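As you go down the protein sequences, you meet chains R and H in turn. Taking numbering that gives the first Met the number 0, the leading residue of the first sequence gets 0, the next gets one more, and so forth. Taking numbering that gives the first Met the number 0, the leading residue of the second sequence gets 0, the next gets one more, and so forth.
Simulated from the structure, these hints should not be mistaken for laboratory data. Keep in mind the model is a prediction, meaning the values are calculated, not measured. Treat the hints with care, since some could be wrong.
Derived, one-sided and incomplete: chain H residues facing chain R with beta-carbon distance under 7 Å [what the hints assert, rightly or not]: (1) Phe60; (2) Thr123; (3) Asp157.
Beta carbons: idealized from backbone N, C-alpha and C, even for Gly.
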Amino acid sequence: MVRTGRFFVEGAAEGIALVLAAPLSFWGGVAVESGEIIDRSHPDCGQNVAGRILVMAGGRGSSSSSSVLAETIRRGVAPAAIVLGRPDPILTVGALVARELYGLVCPIVVCAIDGVASGDRIRIEAVGADIAALHIGNPFSPPCGEKVARSAG
Amino acid sequence: MPLQLNALDTAMLNGDFGPAAASAMAILAAFSEAIGAPSLLDISRAHVDGCLYHGQASLDFVERLAAQGGRVRVPTTLNVGSLDLIHPELIRLDSAQQAPRRRLMQAHEELGCVPSFTCAPYQTLFRPSFGEQIAWGESNAIVFANSAIGARTNRYGDFIDLCCAMTGRAPAWGLHLSENRRGRILFRIAGLKDSRAATDGLYVAVGLLIGAQAGEMIPVIEGLPPPRDEDQLKALGAAAASAGAVGLFHAVGITPEAPNLAEAFHGKAPEATVAIGPGDIAQALRQLSNAPDGAPVAAICLGTPHFSRREWERFLPLLRDFAPRAGVPIYVNTGRATLAALEAEGLLDGANEYGLVAVADTCTYVTAILARLDGVVMTNSGKWAHYAPGNIGVRVAFGEIEDCLASAAAGRVTRVSSW
Chain R
0 MVRTGRFFVE GAAEGIALVL AAPLSFWGGV AVESGEIIDR SHPDCGQNVA
50 GRILVMAGGR GSSSSSSVLA ETIRRGVAPA AIVLGRPDPI LTVGALVARE
100 LYGLVCPIVV CAIDGVASGD RIRIEAVGAD IAALHIGNPF SPPCGEKVAR
150 SAG
Chain H
0 MPLQLNALDT AMLNGDFGPA AASAMAILAA FSEAIGAPSL LDISRAHVDG
50 CLYHGQASLD FVERLAAQGG RVRVPTTLNV GSLDLIHPEL IRLDSAQQAP
100 RRRLMQAHEE LGCVPSFTCA PYQTLFRPSF GEQIAWGESN AIVFANSAIG
150 ARTNRYGDFI DLCCAMTGRA PAWGLHLSEN RRGRILFRIA GLKDSRAATD
200 GLYVAVGLLI GAQAGEMIPV IEGLPPPRDE DQLKALGAAA ASAGAVGLFH
250 AVGITPEAPN LAEAFHGKAP EATVAIGPGD IAQALRQLSN APDGAPVAAI
300 CLGTPHFSRR EWERFLPLLR DFAPRAGVPI YVNTGRATLA ALEAEGLLDG
350 ANEYGLVAVA DTCTYVTAIL ARLDGVVMTN SGKWAHYAPG NIGVRVAFGE
400 IEDCLASAAA GRVTRVSSW
């Protein structure tokens, strides 16, 4: 399926979805060395966000999550992209700062997240000003549409 | 509607004020666009929560602004850092760990920020006044400025607070605007016995309860006993901002935007009403403790948020009354300016005999200060009790300040007050 979303940080990405059962605070919730979810009260504790398309209803908790997201991006253990059900300024700032400092892009998209499951293959591309298209396929077939090489950002 | 920038914003973005201002404006504009703000507005002050080291990215951001010759455009105070620069011997980090943490604090000073290193900037000369537009980071400071003072800030945080300081601008959005400061959920306190009403624990408990239940709505509290001083409102706000995302509360008859119920709700009806009784308060406080009475105490931690001058004046006579000599350190976090004045006046003389360890510039739950982590730490702070178990891995007992001192004297969790 193809779903339309709004970019809060624009960029192209492709990867396997990790759909969280609850919003995650990056501060106190994600190990910056590895991308592992370390919040013991979180239902997805022990999963790893690195390289995944992280899908969750929203952000949560301390604004220090901006720094933690930026640091995971710098270390290369951030999600390939973050897909949120509602906007989150804290994660947006973290991704913007990493883009400013290091030229590394972790796109942030807000769209409906129902029907997306962990393991789905998702490809995100820009189709207009701030408009994202999410191509969502099952894990065993390529996402619909032909893969187009794009430069990040 | 896209973000509208004025001529000054655009000039800044285009580099007319130098590369650091341009970079800060680019991030601020993108953030403002992302949250749907129509424009930016002027701020008169900022408080930056950027001195806690979360990794190299924290430092790279500030270093780049400093290397570009950046300066803040409005008076800007700094929140706590990861080190106590006044008492470096307290910090249990090796020099390699300390170096980037020290540099982060110093780089902020190079940007022209005031080296206040306190989470209670409202206790400094830089306290804002009613109606002032400001951009503050640090959750307890934000809720205090909005609620107890009536200044106006959103819940700014990492990076964006500094971008506001570097540009003197903030998004015209959220709590900066009158219409968004309207109360939406009513918490009605009833059934309190007078003798218990105004203890510090009450304010902590009410903070925890509204924080947990207000969600995105601005809470209005009716029936809150008049606080002894603004420190009790500080404790309430800090607990609310720890248990939830509260950036502003109104207390009817107490806080400046709530002279009465109708004004707190801007003449509209509450969308929900929650009753708070003595049982709710007792339960909220019980849940802050994860150690039983009688357990050995490793330390007492007070001053989260930073102890005010008034709190010291209340605490010091109690310390001398309880005269604890069981070898339990009593850490008290406070602002460096507050501490300097106390020391100059000799008010702390001899207090170390009772285990007093004054901590400045940082806080005992965000860095490695505590000598022992194996026992129970007792605190009078809802915020400390909320965060310390996760941050530094200790067991916590919450109590009134008298309970904390009685426990220090006995060497184990002892209660002389009760909820």
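Verification of the supplied hints:
1. Phe60: holds, 6 Å
2. Thr123: violated, 21 Å
3. Asp157: holds, 4 Å
Going through the hint list in order, the structure does not satisfy hint 2, though it satisfies all others.
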